[in-house]
Amino acid sequence: MNLFQPEPRGAHTPRPTLRSDEPQGEVEKGSMALLEVENLSVTYAPRDAPVTRAVQDVSFRIREGEFVGLLGESGCGKSTLGNGILRLLSPPARISGGRVVLDGVDLTGADEERLRGLRWTNLSTVFQSSMNSLNPVLRIEAQFAETFAAHRVGEEVGARVVELLRMVSLDPGVLRAYPHELSGGMRQRVALALALALRPRLVLLDEPTTGLDVVVQRNILDRLATLRHELGFAVLFISHDLGTVLEMADRVMVMYAGEIVEDRPAPDLVREAQHPYTRGLLGSYADPRSAEVRVSYIPGRPPDLSVEQPGCRFTPRCPYAEDACGQRRPELRPDDGGLVRCLVAQDGRLPRTPAGAGPGLPVFVGFPAAAGLDRSADPPPEQAVGDPVLLVDDVTKRYTTRRGLRTTSVDAVRGVSLALRPGRVTALVGQSGSGKTTIARLVTGVERPTSGQVRFTAADSTTEVRVDRLRGRALRDYRRHVQMIFQDPFSALNPTRTVGYALSRPLVNYHGLRGPAVRERAAELLESVGLAPAGQFLDKLPHQLSGGQRQRVVTARALAPEPEILIADEPVSMLDVSIRAEILELLGKLVRTRRLAMLYITHDLLSARLLADEVLVLNHGDLVEQGPTLEVVGAARDDYTRLLLDSIPNPFSAARRPG
Amino acid sequence: MSTPVPAVRAPGADTEAVQVATRVLGRGTRLPGWFVILWRNGKCRLGLLMLAGFVLVAIFAPVIGRYDPRDDDFDTSAGPSAAHWLGTTALGEDVFAQLVFGARTSLVVGIAAGLLCTVIGLVVGLTAGYLGGWLDEVLSFFINLGLVVPALPLMVTLAAYSPVRGLTLIILVISVTGWAYGARIKRSQIITLRTRDYITAARFAGDRTARIIAHEIVPNMTSLIVVGFMGAALGAIGGEAGLAFLGLGDPQTVSWGTMLNQASLGGALLSGQWAWLIAPGAALALLITSFTLINFGIDALSNPHLRED
Amino acid sequence: MLYFVRRFAFFVATLWAAVTLNFLIPRLQPGDPAEAIVSRLAGRNEAIDPAQVRAVRIMLGAPDGSLLEQYVQYLGAVARGDFGVSYSYFPYSVTHMIGQTLLWTVILVGVTQVISFVVGTLLGTWAAYRRNSRVDSIITLGSTFLGTLPFFWLALLLIYVFAITLRWFPERGGYGGGSTPGWSWLFVSDAIQHSVLPATALLITGPIGWIIGMRNNMVQSLGEDHARLALARGLPRRRIALTYGARLAILPNVTGFAIALGGILGGTVLVESVFNYPGMGRLLLEAVSNRDFPLMQAIFLFTTIGVLVANFLADVLYGVLDPRVRRAEST
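These protein sequence lines are chains B, A and S, in that order.
Numbered per this note's numbering, the first sequence spans residues 38 to 696.
Numbered per this note's numbering, the second sequence spans residues 2 to 310.
Numbered per this note's numbering, the third sequence spans residues 1306 to 1636.
In case anyone wonders, no lab produced these hints; they're calculated from the structure.
Some hints could be false.
[As the list claims (entries may be wrong)] Which residues of chain A face chain S? A partial, calculated answer using Cβ under 10 Å: (1) Tyr131; (2) Leu155; (3) Ala242; (4) Gly243; (5) Leu261; (6) Gly273; (7) Gly282; (8) Ile289; (9) Thr290; (10) Thr293.
[What the hints assert, rightly or not] Residues from chain S that keep clear of chain A, each with C-beta distances beyond 10 Å, as calculated: (11) Val1310; (12) Ala1323; (13) Tyr1376; (14) Ser1393; (15) Gly1478; (16) Val1501; (17) Thr1548; (18) Leu1556; (19) Gly1624.
The structure presented is a predicted model; accordingly, all values stated were derived computationally and were not measured.
Every residue, glycine too, gets a C-beta built ideally from N, C-alpha and C.
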């Protein structure tokens, strides 16, 4: 990626009649739209890979002061579209067609000096990772100063900067700081203040709060909403997070496989989404506090954009697909107060969905009551509760760090007790730094507690194992009983090793299997996690699998030693929303059918609500609330638990409750 | 459900991506994947062909050279002729034969010292990076020491003290002074890889440390190891030529460095024997060029910033 | 602060290690080092004169006694700056001989290093600023090509063309036979005449590393998010190139430069050998060929200490220039 790469010649041919510097361009100034994107296409043409059409024929408008959400899952082209609008694409990506008109000026055809003048005064942006978006060797004040200087804003800059920081609730003291001295949330506020510095008319926010803790995210979003009302700028808000987008935006555009598939005011979208994909996405959300929680998922994966798609790109995953869908590419057409790109919906043949509890699409419903995940309908039978296999008893873990002569100690976990029982899921909920990962490390014997005990009793034995005293070979033996499912399915499988190899290791090490028996057993494991026919997957490398499939392989590997306890550390948080429920369903089913005891670590109360029998809330190492899931989530007693619940962006709270 | 989505891949992910690419490309052929990728890069292919040429010359040196490089029965300091294409030395040896046999020395030193440096670097880097703790502190200290101690004076001093200055000693001296750079890179790479979840997973799958290093970590480092070997071999070839040129090489071995040393001492400059002067330097330059060209391919592989143009 | 303390600790530790290495190298040979050295001085099969052995023992640090005693004595001598008497330039002391040559090397290599760094950094910045343009290709391909030419060969060719064939410059040496060293105009201009070819040789190959390093670092830092955001903020391209590209890209090069300055003494062996230039590199080679071990040892130690001091200063400088390392310190 390089900015200073001259744009490839012929990358974009401005239409002669619409040259930005000619008077014709100015005519459009009178129209309502602040930003007009017309048939914008972006292609990636890497040297040694096929050409990918990341964004295809995207057209939309943003009015003055409008807050528009752009929603899509990973790889749908939403960030590429954002960079295309900002003219920040770097090779091998380039705009291959269409134009972007901001306030009557064609950005795609504008020369560099003209573009520079428009930037930040009219169109500013906040990137996802503010860690990298600020210059690490310049103090914050210098980065404000250079922004003003570049646009020749001279007067009262000092007072303006202080005012900007106040807007984002930051102390003027941060001006003297370097970026690395600030926390992630503070950096993102600085980035937001910087984006508002020149009173831009449009701010493009690309996943501005992704990666921040929910409470921090909540603060920043609230700030953003207030500022937007005060200052009246328009926003293009790009996010994968449906909850946030629906809550913040006036209008939402949904992107799938490089195309906008639906464009509709947010309340209408919640009430009655017209595209099957949007319906599926909505179905994967629910308010964890509702009496009844149902979520759905969309099986399959997005299409390969380097291959020409003749028909609708959602066809392979669509429950309503008809023969025509696979052949004729639908247009984005006006429909019922919005725009939708679906042949079936345009013909009015899409079933109406009941507003309220769920998407109401039978094919989509991920959790029938029988799977035991529809909590309200099927409370766990009491007889299923057995003796605990693992007891954590009043455990404290203190980390002591020495810095020079001074030693500081931090209690990562203070006096926590919990029990894991066969066939039951215990959720450990907390933000980053709450100590939930430390507990996982204590339970798996990676670390030893400073005080307290961790005791394990195998199902078929009565002898207790003191996990906090294990070492060497005994620890290795213990790990046969305790297995992990990791957060990042991309990091949990060795990219150079086949699925078959990954599964073979525990079988060889713990069960002493050799030869063809290993492969046979590995195939059975794959089928038990829903990867069938297994023969198709055994010789695959991880990169040939989707995120969901990888997480299934990781699960199969964890099952291989036939453990009693599964530790699942945020197993779905890195997966696309549309398939999270699919993995949760699998985990729930495994726990219940194999009578596994699961410690489910998450920061996400909805998934805890779906999967867990019991919830423990951790705050800075302290257990602040503990109890059956419905009680904790439905009627939280602790302030912190309530804060967590209130911080969850909720698409249904405002728009949907009445229905 | 609002949660982090993998946004920026951690550093080190790149080398893993390279390994994946190499595995994929390597399938269906008997060639290793990294070779296939290198071969597809034009500059790199030229470099590989040049290197192959040097290897062939070195193998068939007795046939190509026609004379024994040490045979001094010819006229002294003669210019190029049909019998002696590049003339003869001040002692009456055939320059062309020396040139051809010199390829052997350079390649042997390059491969042997390159391998030795790579092995030392791999062992030290793997141990320091994987085990960590005080062992890492100690080994890191030695790595840093090896990095800052000036190489050529150390080579000169070591060579000066040794009673017999054979090729083996030259290789050892070069390796002793040249291993640290590769060790440092491998150490930091391993520190990145060590934190991967698949390493934890392998431990939970019951694998032992040695197996984890050999089967989980090293396969993700092959391109780094190849790069390290190329760099070390290049440094070794230059180092041998330099030492030999200074008169500190193996007096029994014909090498391009000794040829230049003798050309310089034997008055090639004054007698106008340009062929004697040009040929060994040009050969050395071409060999270094072939390595540089190959490195273009490797760089483009492992550094995405340089790749995307 | 911790960062600087740690760097200083590393400096002290490496210094100790270098001094110890210097103590150990002559003792690595099998048998009695003194006798081995004397026998090599005298030639293989001659009888060993005990007086000579004794002289060598004094050089090695301790006449008799255990290795530890020798080591302690040696450390004391090093601390006093006493490196003994040179064999080949008897009765001059080693320190005197080094003092004679130090200035020649420092001036020739110091000046060319500074010029190389400045030129290399500027060319590298230019190439990165105009990435993938013709300027970039000429600079990168040109420097890559020059980088493949063996340095000593290039130097020989320079002598062949400019000294022997064209007779523009003197062939070898630091000054002509007719002039006497001193700060007279005659001598200085003569010395400059003599330094043109060695300096040219150094300047042809010197900037290459800086060019490539600077260009690649800068291309990388310009690809980072903060440079993209700077572009989105409407900062002028030149400012982005300087504060977001060059400012970050130069950091590793500054460290490298300080080390290169420290390495002056070690890096001149080849150039001084080719041009017969009266600096420390040639002195080292003379010491090697005359088997003047005290001199050789001292030069090696001097060189190493130079690099270590430079390395320490570079670390300090880096800590000042890059606010990040002061916080997150990692070795």
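Hint check results:
no., hint, in the structure
1, Tyr131, "16 Å, violated"
2, Leu155, "7 Å, holds"
3, Ala242, "6 Å, holds"
4, Gly243, "6 Å, holds"
5, Leu261, "6 Å, holds"
6, Gly273, "8 Å, holds"
7, Gly282, "3 Å, holds"
8, Ile289, "4 Å, holds"
9, Thr290, "4 Å, holds"
10, Thr293, "6 Å, holds"
11, Val1310, "15 Å, holds"
12, Ala1323, "7 Å, violated"
13, Tyr1376, "18 Å, holds"
14, Ser1393, "13 Å, holds"
15, Gly1478, "15 Å, holds"
16, Val1501, "17 Å, holds"
17, Thr1548, "19 Å, holds"
18, Leu1556, "17 Å, holds"
19, Gly1624, "16 Å, holds"
Checked against the numbered hints listed earlier, the structure breaks hints 1, 12; every other hint is satisfied.
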